[in-house]
Structure formats: C-alpha cells, structure tokens
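Student: The residues making up each chain are set out below.
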Amino acid sequence: MRELVGTWNRKGFTFAILALLPALIIYTLVRFIPIIETLRLSLFQWNLISRRKPFIGLDNFRELVTDALFLEALRNTTIIAFGVLAITVPLGLVLAALIHHRTRSRFAGFYETSIFIPHVVSLVPAAMAWKWIFDARLGPLNTLLGFFGLPPQAWLFDPVLAIICVIVLCSWQALGYAVLIFLVGFKNIPQSLYEAARLDGASALQCFRHISIPQLKPVLLYVSVITLIAAFNIYAQVFVLASDSQGAPGRLVRVLVLDMLENSFRNYRVGYAAAEAVILLAIVLALTAIQFRVFREKGRA
Amino acid sequence: MSDRSLSATEAGPRATAGERILNGVIDVILIIFCILMLLPLVFLVSNAFKSPQELLQWPPTIIPRDATLENITSVLAETPLLRWIGNTFLFAVLSTIAIVTTSAVSGYVLGKFRFPGVHIIFGMILATAIIPFEVYMIPLYLGVQQLGLLNSLWGLLIGYLVMSFGIFLIRQYVIASIPDELIEAARIDGASESWIFLRIVVPLMRGPLGTLAVLAFFQSWTAFTWPMIITATKESYTLEVGLALFQTGFTVDLGRLSAAAALALLPSILFFAFMRRNFVQGVASSGLKE
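Keeping their order, the protein sequence lines are chains A and B. According to our numbering, the first sequence holds residues 1 to 301 in order. According to our numbering, the second sequence holds residues 1 to 290 in order.
Please keep in mind that the hints were generated in silico from the structure rather than gathered at the bench. Any given hint could be a false lead.
Computed, partial: chain B to chain A, Cβ under 7 Å [to be verified]: (1) W58; (2) T102; (3) L126; (4) L157; (5) I158.
The beta carbon of each residue, even a glycine, is placed where N, CA and C say it ideally should be.
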C-alpha cells in the first residue's frame, strides 16, 4: 500500500488524532478497562458491596475445578455447543449445495430468505414459539408422537431432553448463518475446476466430495468456530426454554453465563464469577487460535 | 446476493429430462424444508389470534377459524408492551448512530492515514472483537452502577456504543474502494481534512455504512443478557427482557403469550424484509475475512 500521508503534514496528523479520539476513549472505557478488570477481579474475593476485597491469588480457579454447579454448566454448555455444531455444519453444507445447485430456480430467493429468517428475528419470541411446540400437554410435538403410538415426553422438564430441545432451537437459529456463508463459499469456487472434472467424467457426488469440500475447507472451519463460540455464550435460549418446575428460568439446563450471573448477583461472589468469565475467555481464545493455526498452515501449503 | 453464477451442474434452458427431474426433486426437498423452518413462526402468529378452545385442537390450524383480537387487546392492557417496543427502538436507534459514526470516522483514519502506532490501535480494536461481551459485562455493569445509570437508556447504551467489526468493515472498504488520488487532489485544492471526510469520503461509503447500520440495529434490537442485568423496573425493560419475564411470570396462557410474542416479532420481520439485501450482504461479508 502507498504511504498516503508519507509526506505527512501536521494538519493531517492532527485530524487523524482528533478523529480517532472519541472511539479510543470509548474503547478504553467500555472494552479495555472492563476486560482488564475481569482478569483482576478473578484473583480477588469480593461480595459486590464490601470495601474489603482480599487478594486470594488463584483460589477462585482452584475452587471452580471442584464446584459441581460450575462443572455441570461447563459440561452442558460444551454438549450444547458441539450438538449445535454437529447439526448446523453438515446440514448447512448440504442445504447450501442444493440451493447453489438451484440458483436459477424461481424459488431461490424463497430458499435463502426462509432459512435465514430464524437467524434474525427476535430471539425471545422465537424461543417462545418452540416452547409451545415442546410443551408436554399442549404441544404439537407430543401429539405427533401420539400418532405414531409413541408415549408423550416431558420435553422441557427432563434434564436430558431439555438439552436436546435447546440444541434444536439453537441449530434452527444458527442454520441460516451457516447456509449463507457456505453459499458465498460455493460462489467463490472457480468454475473451471468443475468443468475439468466433468470432462474427466466425474459424477456430481464426486465433484462435491473432491472439489467442493476441499475448496470450502476454510469456510467450514470459520463457520464451525463461529458456531462454537456463539454457543458457548448461550443464555437467552435456555432462559426461555428451560424453566424448572417452580418456573425459575434456566435452572434446568445450567449454562456458563447463567452460572456466572447467579454467582455475581445472587451469591454475591463477583471475584468467583470473574474467574468463570476468564475460563470462558480462555475457551474462546483457544478456539480462535485453532482457527488461525489451520488458516496459516493452509496459507503455507 | 444479486449475481447468480452458474454452477457446473446447473441445468440450462436445454436441460435433459433426467436433469429436469433431478432439479424438480431438489426443489421439492428444499421447499418442504423451508416451510418446516418457517412453521414455528407461522404458528406463533396464528396462535395469537386463536381462542382458548382452538389452541388445543389437533392438528393445529394455520389460519384461525374464528380469529379473535382478544389475546392482543388483553396483552396490551396487561403489559407495557408498547413502552417496551419504544424503549428498544430508541436504544437500537441511538446505538446504531453511535456505531455508524465511530466506525465511519475510525475506519477512514485507520484505512488512509499512516502514523506511528496506527497498526497497534487497529490490532487492539480487532482483538476485542474476538472477546465475547459476556466475559467483561460484570465489570461494565459495576461501572454503570457507579454512574447511577441502572434502569436507564444510557446504561443500556454504554454496552453498545462501538462495534469492532464495523470499524474493520469500513477500513477494508476505504482501503479497497476509495482512491488515494481523490483525497490528494482535494488536498492540493486546499480542502480541509474534515471537509474531505464529510463531503468526499462519507458519500462514497454510503453502501457499507447502510449495511453496518442494519447490523447494528439488529444487534441491539435482539440484545438480551445486557438489558437483562441493566434493567430491573418494568418501565425500563427492553422488548426481549419484558417478554422473557412475562412468559416466566405468568401461568400458561398460550393465547396471550403468543399474542405478545407475535407483536414483538413483527417489527423485526418487517425491518428484515425492508433491509434484506443490506443485511444479507453484511452477514456474508462478515464471513469473508482474509
């Protein structure tokens, strides 16, 4: 790139600094400082109100490792994240391939829009729609099971089934994003590759297996990582879907963000919750590192 | 997604019979799948207009037989739903203005000016994009509390003033699509830096700024966790929070719950319908990073 202000005049420099200043101040106040504060608080014991805030080093983390509720939250969140991944990526890839194949169909706009809409509509009302579907007494899902002679299930009151419901809801939402990104990926594959393969007599399925998939590898990885990261922060979905028998939101499927909020605002253990936030951060950074690593290797090859 | 390229297996006008059958089968599969995707939302809107008896019927009707407005009127009477919609709208608009402004200015400077430290600043802004909001929201909450801004629009807004992806998007656009020569020519003519930015650069950025505005609006329109912890009074709730608490606080009255949810859903569907192209482009370009 050319050095635009290489001959830099003082006026340009002053403008640049003054223009960046508001954003830099905001970033410092609402991003950098809170992030550093999270890291710092995780080393303290603090009850939100007291002036005393003793430094306890890594004790919070030591306690987390044996905290049954935290471990349950971590386990549930991991199961949900990989469950959503296992549905969204393969299904999204197949759907994107089919839609791409039918880009000239008069329904193409309908396909893209209707798969994408669940991704953008307000989350809480959408989750309420699913809550009705899963409802044990009134829900159409149980009635449907009845038609096949299957017994009704307490979908949202059984811990295992409730996790499945959360995975279904989250996959329904995440699918549109995956399909859209895969479609962009398909459009970027050079057509000459397919033409050459067709001349050699390759079938459509062979083309998909040996051209599309390898070409889409970076997109596949990107969608996988983004899906996983999004699912590790999940909260609203379980808040709406998984109320326990007393109607307390989200207790049935304990996830990381719920556990964090309970520790800080119900148990008044802010330092402890900050330690959980640090673990969440570590998970996200690890996922991002994997992504960068694979991209770099691909760049070198 | 306007340009529809041909795929190699695409059947043109002269498709063989076999290809046409295959295409038909694929169309049928996709149409069924798309209808299934939309069905939960369709049922939600339809349930909002059903009487208690009709709600219990199987199979559930898609078009209510005796459509009633009773659910909607009683929800509007019982909850400050319109107030919540107003709160959310104001929050989303102000957040969008803040994000578009900061992204336009910073993206331009970071894309076109070279001075010591510029890469470090950009790197740090980009790095915070990876860190989820949930990681640092508790210290941010404590800050809002200290300022005495809980339960207020300003408290909500503090969490949504900047968007790292927005700065990234504008910077990439500025580098790729705004020629240096244009800016240099204006400088030689004696234009001031702020004149160049406002009169030359901003009009050229209209496309990506529109995309960003849609993304920013939807981000705060659908925000949940932050409004949840910042607001504690019924009057200060956003739509998502009010609705979530409404559905846990009430005994199951499916008709009214659906009515509230349908009313909440409609603005986002309408907005999406208007802004479809911008929004899809924005999401697509977010996946196209180098």
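Student: For each hint, tell me whether it holds in the structure or not.
Tutor: Hints, one by one, checked against the model:
Proximity of W58/B to chain A holds as hinted, the smallest CB-CB distance being about 5 Å (cut-off 7 Å). Interface hint at T102/B: satisfied, since its Cβ lies 4 Å from the closest Cβ of chain A, which is below the 7 Å cut-off. Checking L126/B against chain A: minimum C-beta separation of about 11 Å lies over 7 Å; hint violated. Because the closest C-beta pair between L157/B and chain A is about 10 Å apart, greater than 7 Å, the hint is violated.
Among the interface hints, the one on I158/B holds; its C-beta lies about 6 Å from the nearest C-beta in chain A, closer than the 7 Å criterion.
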